[in-house]
Every structure is written in C-alpha cells, then in structure tokens.
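**Student:** Sequence:
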Amino acid sequence: MLRHLPNLICVARIALVWPIVTALHAGRYGLTLMLFTVAAVSDGVDGFLAKRFNWQSELGKFLDPMADKLLLVAVFVTAAWSGIAPWWLAAAAIARDLVIAGGALIFRLWFGPLRGRPTILSKANTALQILFLVAAILHAGYGLPPREVVAALAIATLVSTIASGADYVRRFTRRVWSLPARGV
Numbered sequence: 009m010l011r012h013l014p015n016l017i018c019v020a021r022i023a024l025v026w027p028i029v030t031a032l033h034a035g036r037y038g039l040t041l042m043l044f045t046v047a048a049v050s051d052g053v054d055g056f057l058a059k060r061f062n063w064q065s066e067l068g069k070f071l072d073p074m075a076d077k078l079l080l081v082a083v084f085v086t087a088a089w090s091g092i093a094p095w096w097l098a099a100a101a102i103a104r105d106l107v108i109a110g111g112a113l114i115f116r117l118w119f120g121p122l123r124g125r126p127t128i129l130s131k132a133n134t135a136l137q138i139l140f141l142v143a144a145i146l147h148a149g150y151g152l153p154p155r156e157v158v159a160a161l162a163i164a165t166l167v168s169t170i171a172s173g174a175d176y177v178r179r180f181t182r183r184v185w186s187l188p189a190r191g192v
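For the sequence shown, our numbering begins at 9 and goes up steadily by one.
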C-alpha cells in the first residue's frame, strides 16, 4: 500500500490547484502562498519517496509531470490575469510546456517509448518559475521583494524557460536522428 504513496501525493497536488487558483484570484495571498508552498514541497516529497524506496510506477511517471504542469500553468495564467505576473512570461512558460508535451507525444506515436528524465536545466527552470511566482505573489500581497527583484526574476525565468525548451527540442531531435532507419 505504501508504494502508492507518491501517486497519492501527486493526486493531492492536483487537488490543490483549484484552491490555489481560487485564493489567488480572490487576492488571498497568504493562503495562496501557504497552499502553493505545500504543493511545491509535495513535489519534492513524492519524488524522494519514489526514488528512495523504489516506489516508482508508470502511473507516477505520468502523474508527477502532469501535476507540475497543471499547477504551474494554472498559477501563471491566474497571476497574469490578476496583473501579478506579465503575460509574456506566462505565455513563454506555457509555450515551453506545450512544445515539450507535443514533442513527447509525437515521439511516442511515431518512434516508440520515450525514455528520459528531466534535465538539470529543466529542474532549474521549474525552480525559477516557482521562485518567480512566489516572489510575484509576495510582492502583490506584501510589497516585498521590491519590484526590481521581481522584474529581474521574471527575466531570469524567461531566459531559463527559453533555454530549457530549446534543450528539449535539441534532445528530441538528436534522439530521432540517432534512431536506426526504418524500411519503407
């Protein structure tokens, strides 16, 4: 039963998306930050448990990234809609996720199973996106950190998002080119 704990944590993270978005939309920044922090920490906890106790599963390989993407996309869209985050950054983050998901789907359909792990660049990008969103929400609710810090984080997050998306495209392309040619 415990081997399913990482998947249950992912499902709980997915269930937190709606309360986080609702709290953010209502301007309840303290509640938003608390729930968002719980969701972000749960991502690390489920990953640790899955790896440490070898509780990895095919469902978990699908649920974990889906939970991450759902959470970040929902918070980015809500933050942009509320004027807390710039639309250009939300669009870049969403476009990156669409490129990755589209590339993975195409690879799976045309070439077979996609075996891969998130790259260090991708993990750094996710961490920067979370850091930016926390800083933007803190600024909206409490005036800290200063606007200049939030702006600098937005630019760093944009650069990281573009670099991470380009890295995934490069990796997908290299993997396709390295496959043996199929007879027609």
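Read the hints as simulated data drawn from the structure, not as lab findings. From a predicted model like this one, the values you see are computed outputs, not experimental measurements. One thing to keep in mind: the hints can contain errors.
What the hints assert, rightly or not - Distance condition first, Cα-Cα at most 25 Å in a straight line; then the derived DSS-like pairs of lysine-lysine:
| id | residue 1 | residue 2 |
| --- | --- | --- |
| 1 | Lys59 | Lys69 |
| 2 | Lys131 | Lys77 |
| 3 | Lys77 | Lys59 |
| 4 | Lys59 | Lys131 |
| 5 | Lys69 | Lys131 |
**Student:** Between Lys69 and Lys131, is the straight-line Cα distance small enough, at 25 Å or below?
**Tutor:** holds, 15 Å
**Student:** With a cut-off of 25 Å on the C-alpha distance, tell me whether Lys59 and Lys131 pass.
**Tutor:** Status holds; Cα separation ~16 Å.
**Student:** Is it true that the CA of Lys131 sits at most 25 Å from the CA of Lys77?
**Tutor:** holds, 12 Å
**Student:** Check the hint pairing Lys59 with Lys69 against an upper bound of 25 Å on the C-alpha distance.
**Tutor:** With a Cα-Cα distance of about 12 Å, the restraint between Lys59 and Lys69 holds, given a limit of 25 Å.
**Student:** Would you mind confirming whether the straight-line C-alpha gap from Lys77 to Lys59 stays at or under 25 Å?
**Tutor:** holds, 20 Å
This entry satisfies every hint, going by the numbered hints stated previously.
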